[in-house]
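Asks: Residues in the sequence shown are numbered consecutively from 1, following our numbering.
Note that these hints are calculated values from the structure, not bench results.
Note that beta-carbon positions come from the ideal geometry of N, C-alpha and C, so glycine has one too.
Don't take each hint at face value.
Stated by the list, open to error - Below, in silico cross-link-like pairs of lysine-lysine (DSS-like), each with a Cα-Cα straight-line distance of 27 angstroms or less: (1) Lys146 x Lys113; (2) Lys262 x Lys225; (3) Lys225 x Lys280; (4) Lys113 x Lys102.
Said to hold, decoys possible - Distance ranges between label pairs, derived from CB positions: (5) Ser257 x Asp100: 23 to 31 angstroms; (6) Leu123 x Glu171: 47 to 55 angstroms; (7) Glu268 x Val208: 53 to 61 angstroms; (8) Ile252 x Glu181: 42 to 50 angstroms; (9) Phe111 x Pro154: 17 to 25 angstroms; (10) Glu247 x Tyr69: 21 to 29 angstroms.
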Amino acid sequence: MGQDEHDLFEWNLVDSLSNLPDRLAPTAWSGHISFLFSLFRIARPRSFVELGVYNGASFIAACTAARIYETETICFGIDTWQGDEHAGDYSESGDSIFCDLKSFLSENYQFAKLIRSTFDSALNDFADGTIDMLHIDGMHTYEAVKGDFESWLPKMSSRGIVLFHDTSVRERNFGVWRFWEEVTEEYPSMEFFHSFGLGVLLVGRDQVSSMSVLIQRWNESVSFKEFFRATCEGFGALVPDRVQARENINRIRWLESDRQQKEVALRELQHLREIDRIEKEAQFESLRHLQEVELLVENLTRRSRLYKLLRPILLLGHGFRELEKR
1 MGQDEHDLFE WNLVDSLSNL PDRLAPTAWS GHISFLFSLF RIARPRSFVE
51 LGVYNGASFI AACTAARIYE TETICFGIDT WQGDEHAGDY SESGDSIFCD
101 LKSFLSENYQ FAKLIRSTFD SALNDFADGT IDMLHIDGMH TYEAVKGDFE
151 SWLPKMSSRG IVLFHDTSVR ERNFGVWRFW EEVTEEYPSM EFFHSFGLGV
201 LLVGRDQVSS MSVLIQRWNE SVSFKEFFRA TCEGFGALVP DRVQARENIN
251 RIRWLESDRQ QKEVALRELQ HLREIDRIEK EAQFESLRHL QEVELLVENL
301 TRRSRLYKLL RPILLLGHGF RELEKR
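All chains, full assembly: derive it from the sequences and hints.
Replies: Take a look at the structure:
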């Protein structure tokens, strides 16, 4: 790879970090979302499986990346939505969390599917050698993480990449760090220390060329490794605030649109009121004219009756005048 190709590669790598997920729930994973976009752009996984989904923060980010970069990835999220020792017990709220996430995914990503079961029970849903990218984020004890990895390893393809969250946590019986130290002796890897740590393990022997370049640069250049770590951490730290800012902007736009619609409705209402006022005035004038006509008719009627009563007298008076002339 020449210098120009290296520069383009690094530009694409960093440029991807600026993307945001379509939705972001509260999560300890937010610091790694920017890197996930770069990883999808480089590795272009055909299938993505997440063990431990909860509210879907990282899963939605993966789906967003697949949509943006048109990777044609099929995404599977596996969870019981019951919680555990480390995630906490959310059995009472699990149904609502699951239904809300399922609804959002069905509206936005036809390629995403949730499987509500234990990790072991879902194994039979996948043939060996078919998963390009696996994210292990379930129970975080050493035994649980090791068991998940060993159970799902046969399912990984020749391009397989496994992500481990919480590689930096060494409390509350977390054992990811311990298993990570062991497994990185066997496979090429990358590790980020921020946001509780993220391990990237390349278990497939036939990685796509861009992924091979990334791991080569990572291993051969300390400056690149430090630069990329710092850049991912910096972009990742901004994700929650940027998502909130985007939501605020969308809210402002909605309020402005709503205000404009209400102004139009108000003008229409005022127009209708003006029409109503004119109609009422016309009705009033019509009624007044009708009353005047009725009064005239009544007066004429009265005069007619009076004439009929006085006619004999008038005729008699006329006769007297004729006699006097004679």
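Asks: Give a verdict on every hint.
Replies: Right, here's what the structure says about each hint:
1. Between Lys146 and Lys113 the CA atoms are separated by roughly 25 angstroms; this keeps the pair inside 27 angstroms, and the hint holds.
2. A threshold of 27 angstroms between alpha carbons decides the hint, and for Lys262 with Lys225 the separation of about 54 angstroms lies outside it, so the pair is violated.
3. Under the criterion of a C-alpha separation no larger than 27 angstroms, the hint pairing Lys225 with Lys280 is inconsistent with the structure, at around 80 angstroms.
4. Restraint check for Lys113 and Lys102: the C-alpha separation of about 8 angstroms stays at or below 27 angstroms, so the hint holds.
5. Distance hint for Ser257 and Asp100: a CB-CB separation of about 25 angstroms, consistent with the stated range 23 to 31 angstroms.
6. A C-beta distance of roughly 30 angstroms is found between Leu123 and Glu171, which places it outside the suggested range of 47 to 55 angstroms.
7. Hint check: Glu268 to Val208, Cβ distance near 58 angstroms, so the stated range 53 to 61 angstroms holds.
8. Evaluation of the 42 to 50 angstroms hint for Ile252 and Glu181 yields a pass: the beta carbon distance comes to about 48 angstroms.
9. Checked against the hint of 17 to 25 angstroms, the C-beta distance between Phe111 and Pro154 comes to roughly 24 angstroms, which is consistent with it.
10. Distance hint for Glu247 and Tyr69: a CB-CB separation of about 23 angstroms, consistent with the stated range 21 to 29 angstroms.
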